[in-house]
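Each chain, written out:
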Amino acid sequence: MIKKMLKSDDFKLKNCINYIFVAAATVIFAILNSTGGLKTSYANLLVQIGYSIILAVSLNLVVGFLGELSLGHAGFMCIGAYIGTFISIQLNTVIDSKVICLIISMLCGGILAAFFGFLVGLPALRLKGDYLAIVTLAFGEIVRTVLKNLPWFGKAMGMTTGAVKFTKKDAPLFIVVFITVIIVLFLVQSLVRSKHGRAITAIRDNEIAAKAMGINVTFYKLFVFVFAAFFAGVAGVFYGHYTTPVMYTFFSYNYSIEILVMVVLGGMGSINGSIIAATLITIINTMLQKYLPGELAALKFLIYALILIGLVIFNNAPKLAAFKEAVSFKALLAKLTAKKRRPEDILNDPAHWDKIPTKIRMDEVLSTDIQPGNEYVPDKPEKGGK
Amino acid sequence: MSDVVLRTENLGISFGGLKAVQDVNLEVKKKQLYGLVGPNGAGKTTIFNLLTGVYQPTTGKFYLNGEELNGKTQEQINRKGIARTFQNIRLFNNMSVIRNVLVGLHNQPEFKCSPVSSILRLPTHYKTEEAMRERAKEILRIVDLEDERNNLACNLPYGKQRKLEIARALATNPKLLLLDEPAAGMNPHETEDLMNIVRKIRDDYDMTILLIEHDMKFVSGLCDEVTVLNFGTVLAQGETNEALNDPEVIKAYIGG
Amino acid sequence: MKKVLALILVAVLCLGCLAACGGTGDDTTTTTNGTTENNANAAYDLTKVGEYTANNTEFVIGATGPLTGDAASYGISVQQGAQLAIDEINAAGGLNGIKFKFDMKDDKATAADASTGYDALYEAGMQVSLGSVTSGSAESFATRAAEDEVFALTPSASADPVINASNYSFRVCFGDPDNGILSAEKLAKEYKNIGAIYDSSDPYSTGIYDAFKAKMKELGVTYLEQSFDAENNRDFSTQIEALKDCDVIFLPIYYTEAGLIAKTCVAKGCDAFLFGCDGLDGVAAQIDSTVTNKISYITPFDVNSEDEKVSAFVKAYEAKYNAKPDQFAADGYDAVYAIFEAMKALGVENVKVDPAELGKALVSVFTADTFAYGGVTGNMKWIASGACNKEPIIVEIN
Amino acid sequence: MSILFDGLSLGAIYALIALGYTMVYGIAKMLNFAHGDIIMVGAYAFYVALISSGHMALGIVVAVIFCTVMGMVVEKVAYKPLRGASPLAVLITAIGVSYLLQSISQLVFGADPKVVTIPSLGTVSLLGASISVSSIITLLIGAVIMAGLTVFVKKTRTGRAMVAVSEDKGAAMLMGINVDKIITITFAIGSALAACASVFYLMQIPSVEPTLGSMPGIKAFTAAVIGGIGSIPGAMIGGVLLGVIEKICLSIPVLSPYTTAVEFSLLIVILLVRPIGILGKKRREKV
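Protein chains in written order, with numbering that gives the first Met the number 0: chain A, 0 to 385; chain B, 0 to 255; chain C, 0 to 397; chain D, 0 to 286.
What the hints contain is simulated information worked out from the structure, not anything from laboratory work.
Each hint should be verified, as a subset may be incorrect.
Here are the simulated DMTMM-like cross-link-like pairs (lysine to aspartate or glutamate), alpha carbons at most 25 angstroms apart as the crow flies [said to hold, decoys possible]:
| no. | chain 1 | residue 1 | chain 2 | residue 2 |
| --- | --- | --- | --- | --- |
| 1 | D | 113 | C | 209 |
| 2 | A | 167 | C | 270 |
| 3 | C | 191 | C | 209 |
| 4 | A | 289 | C | 317 |
| 5 | A | 289 | C | 122 |
| 6 | A | 289 | C | 86 |
| 7 | C | 100 | A | 8 |
| 8 | A | 11 | B | 145 |
| 9 | A | 11 | B | 133 |
| 10 | D | 113 | C | 146 |
| 11 | C | 98 | A | 95 |
| 12 | A | 168 | C | 146 |
| 13 | A | 2 | B | 133 |
| 14 | A | 168 | C | 122 |
| 15 | C | 319 | A | 95 |
| 16 | A | 13 | B | 146 |
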C-alpha cells in the first residue's frame, strides 16, 4: 500500500514543490522572526500574502477548474471576517489563547461561508457565464450591505477586533496563516488530483458530455462552491485577526476582482500560478503604497492599471503568441541545450495534471450559453399519444 | 422477451409544433448491432437525445431491460446503463486521453471513493486510482489508443477522437451503447478498422449497440437489423438488407 | 514552465529574506551623546535613539489617508493642510533648528491599507503621527501605533473607537456623539417639523445620527427619518420629497452629498433650513446661486472668519494650492501645529528621538492641564481619553 | 406617485447607460467594465465645455465627440489586440482601463467633486405630484434613442452587419463583413450613448468626481442583465424597473439602508425565474 502511495503522482517532486517552498518560507521566516530579524512590516506582509494565496487558490478552484466565473469571492471572505471574528471575540472572553480562538473561529467562519457558498451554488446550476458572474457579484454586495447595517457588527464603523487582533507580543500570525496555506494547498490539490477533480474539470471542458458520462453535475458544482467558499471564509477570519476594525468597505466587488486578477494572471487552473500571482500582486501593492509619496498616490492606480493591461495583452493577445514563443524561456533553453527532450518523455509522464488544465480556453468560462435542459421548453405532451 | 434490451413505445417529440420524431417503436435485443439510418434531418440524433435524457419525449415511453426511463436525467440514464457518443465530437479537450476514459469510469461501483477519502488521501484513494488507471488502459487497448494515452484529446486526429469517444462511453459500463455516426469523417481503412472494433466490443462485452450511420457499407456490413427513418417517422424496419432495399427507402433516399 | 514559476517563487522569497535581514542591519545601539535634558518626568527619555530613526535628519511626521478612491478629496485636503503647516514651520526655522518632514501614505480608506501604511512609515523613521483621516483607517492605525507607543493625533477621524483604541490616540476634531447631541438639543429647542437624512454607509454619519436619535428620543421629540447609502445612491429626490414640509432638515453627512441635497431641494421646491455638522464644511463650493435654502452647520472652522490666524491660513493655502481650504485641511494644519507646540514645550532636540519615548512624552503634555493650543479651528484642550475640547461656532450660508 | 416619477427618472438614466452596455455586450461579447468610467469622462468633458463656453448644447456636442473618440481609442489600444483571446482576458483589461481612466482624471481634475451648474428646467405637476422637466426629457430621449437604435440595427446596412457579427463572428467575416470595423463602430456608438447618459446624469446629480462612473456602471450592468443582456428594449425595462425599486426602498426608512441588498436580490430572483433576463434571447446548444 505504502509503495503504491509513494509511486503515485503525489510524491513526484514537481507536484509537491509548492509545499516545499511554502514550508521552507514558513520555517525561514519563523526563525528570522524568533531571532528578531524580521521587521513587523514584513511579518504583516506575509500575513497578507498568506490570505491572498488562500483566496486566489480557492477562487481558482471555481474559475479555473470548474469553469464558472465568480465575482463574489470577497463576499464569502466578508462573512468569515465579520461572523468568524465575532465568534472569536466572544470566545476570547472564555479562552485566553488567541491562537485557539483563531483556530476555532476559522472553522466556524469557514463553515458559515461554506453554507453561503451552497446558497450561491444553487443558482450556479441554472446560470452560466456572465449571468452567474453578476449573481455572484450581487451576492457579495448583498452580504456587505446587510452586515454593515447590523448593530452587532458596529454598523458602518465596522467591528473593532482589537481584543483578538494579533499584536507584536503575540505569536506571529503569519506562521498560523502559512501552516493553513499548506493545509489548504494539500486539500485543494488532493481534490484536483483525484477522480473528483477529474469530474470537475470534465464539467468545465464539456458539461453535456460530462452529464452523458453520468457525472453528477449538480453535486460537483455545489461541492466546488462550498469548498471554495469555506477557504474564503477562513481567509476572512485571518483578515479579522490581522487588522482592526473589520470594515465593509474592504469587501467590495473591487476586491473580488483583484482576486480574480490574481487567478487570471497566475493562469487559469494553475495552482502554482495562483500562489505566485497572489504573492507578487500583494507585494506590488504594498511596495507601490510604500514608495509613492502622498502627492503621487493617484499614480499608483495608473501604474497598476498599466501593468495589468500590459500583462493581460502580452499574455493573451493572439498576435503576440508567435513573438512570445520565439523569446520564451523554453525556446531559449531549447536553443541553449541542443539536446531536445524527446516528446515521448514528456508524454509518458503521467503527471500532467497541472499542466493540462491550464490549457482551458477561457471563452468556455464566459459564454452565454444557457445550460442544456433549460434552453427550450418542448410542447406539452399531446393527449392520446398521437 | 427477456433478451430485449431497449424497447420504445410510440416515442415522439415535437418542437413548437414541428413533430421531429413520431411514433418510433424499436426493439433492440441483447448483443444485437442495430442500425438507425435515414436522410439528414430524419430525427436519428433526436432519438438518441430522447434515449439519453437530453430531451424529454412528448409522447411515448422507452424501457431499458423492461425498466421505464422516461423523465430521468442524463446522469441517471447513464447510470442505468445507456452510454452514447456524439455526432459532433464532445471530448474533454483539455484533458489527456486516459483522463477522458477515467472520467467515464467515475461512477463504477468498484471504483467508489468518496471525496473525503480523496481529499484526505486515505488509502482507498490510492487503491482506486491505481485500479482505475489499469482499467482505463485496458479499455484504451480495445480501441488501439493505449499509446496515445497521455496526449491531449484535442490533439488526436479525427478518427482517433471518434474511437476515444467510444472508449469513454464504454468505460461507463453500459448495457446499451449508442454510437452517433461513428465512422463519419473516416477513410475506408479507418472505417474497416472501426467495424472490427465495434464487433469486438459486442463480442467481448456482450454489448448491445444501437448506431446511426450514413455509410451504407458500414451499416450493411455490421448491423443485424435496421430502422429507416424519414421526417421523424419509421419508413422501414427489419433485417438489414431487406429494410434497406425496401422501395419506400430507396424512394426516400433517391428522392424519386 | 513550472520550473520557471518555481524559480520566480524562490527569487521572491529570497528577496523577501534579504530585505528583512537588511532592515535590521542597522546598528541601533549607537547613541548620540548630545545634550541630556533632565526632565522632571523620568518616565520617558528623549535622548534615546529609535530603532528605525537612527538615520533621521528631520523630525518625521507620518499619516495615512485616502488619496485615491471615493474619499480621496478628504485625504488630499488633510495632506495639503498638514504640508502647509510643515512648510511654514520649516520656513520659520523648525524646532531648535531641526526641520520637519511630513509623509502621508494612501490607505484608500481601508483598515488593512492603513495598517500596512503604518508599517511602511514606522520603518521609514516616523516619530510621531497624524493617525489617519477616516474613522475605520484611523482606528486601525491607532491600534498598530499603540503597539509601538507611537503618538497619533488624528485630524478628522471623529468616531469614538479611534481614541478608545489606544492611550496614544488623540484627535483634533469634534467627536461624533457630541455633534449629534448638540444638534439634537438645538433643533429640538428651535424647530417643530424636523427631518433628518443620514448616510447609512458612513461611520461619521451613523455615529452622529445614532447619538442624535437617542437624544431626540430622550427629549421626546419626533421627527422624520430618511437615509441613503453614498456608495450606491446619489439621487436624493425621494428623501427630499418625504421631508418637503419640514422646517429644518438635519444633515449629519459630508458636504459632497449635502451639496446635492441642497440642489435637489431647489428642484423639488423645498425651502427647509438645512442644518448639519462639521462635515458640511465645504458645502459652499458645492452649491450655486440657484440654492436659496438657508444652510448652517456646527464647525470649529469658518473659512470666511475675520480671525487673523484663520485669514492668514486661508490666504497661504490659497496661494499654495489655488483652492479654498476646507475643514479637513484646517484640521490637518492644526494637528501639525499642535504636535509642534507640544514638542516645543518638551524642548525636543534629538532628531533621532525614539518614537515610543516621544509618544510617552507627548501624551504627558497633551493630557496636562496646562497645555492648550489655539489654532485655526479654535482653542483646543485635550482630555485623557484623547478627545479634544473646543468651542463650536455656527457658520451660516445664504 | 411622486416616488414612481422619481424612480422613473432615475431609471431612465440607468436605462440610458444600460443601452450602451447591452450594445457593446451584444456585439463584442464583452463585459465592458469601463463603460461607467466613460460616463465619468463624458461628464468631465461636458463640465469643461460648459464652464469654458457656457453653452449647454456645445457641452453636449463636446462630450459626445470626446467620448466617441475616446471609446474608439480605448477599443483600438486595449481591446483590439485581444480580439480572439478569451473574454475573461478582455474583462480584466476592461477593469484595467477603468482604473486607468479614474486615475488619469484624478491627476487632471483632482479628487474633489466639481459642481456642474445646469439651469433648472422647472417642474410640472402631474397627477398630483410634481415631476421635473429634465426627468421627462430623460425618459423621452431614452425612448427615442432606444427606438432609433432599434431602427438602426434593423434597417441600416451597418446595423444588420452588427446583428450578423453578434450572431456569428466567423460567418459574418466570411460574408465579407469587416468585423473589426463593426466592433469599433459599436464602441463608438456605445461611448456616444455614454456621453448622452452622462449629461442626463448631471442634470439630476450635478456633481463630477473621478469615481462617478462606478456606481451607475454597476447599476446599469444590473439593469442590462435584468432586462436580458443584448436586448435593447430589455435594457430600457431593466433600467426603469431598477430605478423604481430603488426609490420605493429608499422611501421606507426601515428598508432604506438595505436598498442595495433589495435591488440585487431582485436581480437574483429574476434570474432564477428567467435565467436569461426578462427579454433575453434564448440560445440553444446543439447536442
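Comparing the hints with the structure gives:
{"no.": "1", "hint": "113(D) - 209(C)", "verdict": "violated, 30 angstroms"}
{"no.": "2", "hint": "167(A) - 270(C)", "verdict": "violated, 56 angstroms"}
{"no.": "3", "hint": "191(C) - 209(C)", "verdict": "holds, 20 angstroms"}
{"no.": "4", "hint": "289(A) - 317(C)", "verdict": "violated, 29 angstroms"}
{"no.": "5", "hint": "289(A) - 122(C)", "verdict": "holds, 10 angstroms"}
{"no.": "6", "hint": "289(A) - 86(C)", "verdict": "holds, 22 angstroms"}
{"no.": "7", "hint": "100(C) - 8(A)", "verdict": "violated, 58 angstroms"}
{"no.": "8", "hint": "11(A) - 145(B)", "verdict": "holds, 23 angstroms"}
{"no.": "9", "hint": "11(A) - 133(B)", "verdict": "holds, 20 angstroms"}
{"no.": "10", "hint": "113(D) - 146(C)", "verdict": "violated, 40 angstroms"}
{"no.": "11", "hint": "98(C) - 95(A)", "verdict": "violated, 46 angstroms"}
{"no.": "12", "hint": "168(A) - 146(C)", "verdict": "holds, 8 angstroms"}
{"no.": "13", "hint": "2(A) - 133(B)", "verdict": "holds, 16 angstroms"}
{"no.": "14", "hint": "168(A) - 122(C)", "verdict": "holds, 18 angstroms"}
{"no.": "15", "hint": "319(C) - 95(A)", "verdict": "violated, 54 angstroms"}
{"no.": "16", "hint": "13(A) - 146(B)", "verdict": "holds, 24 angstroms"}
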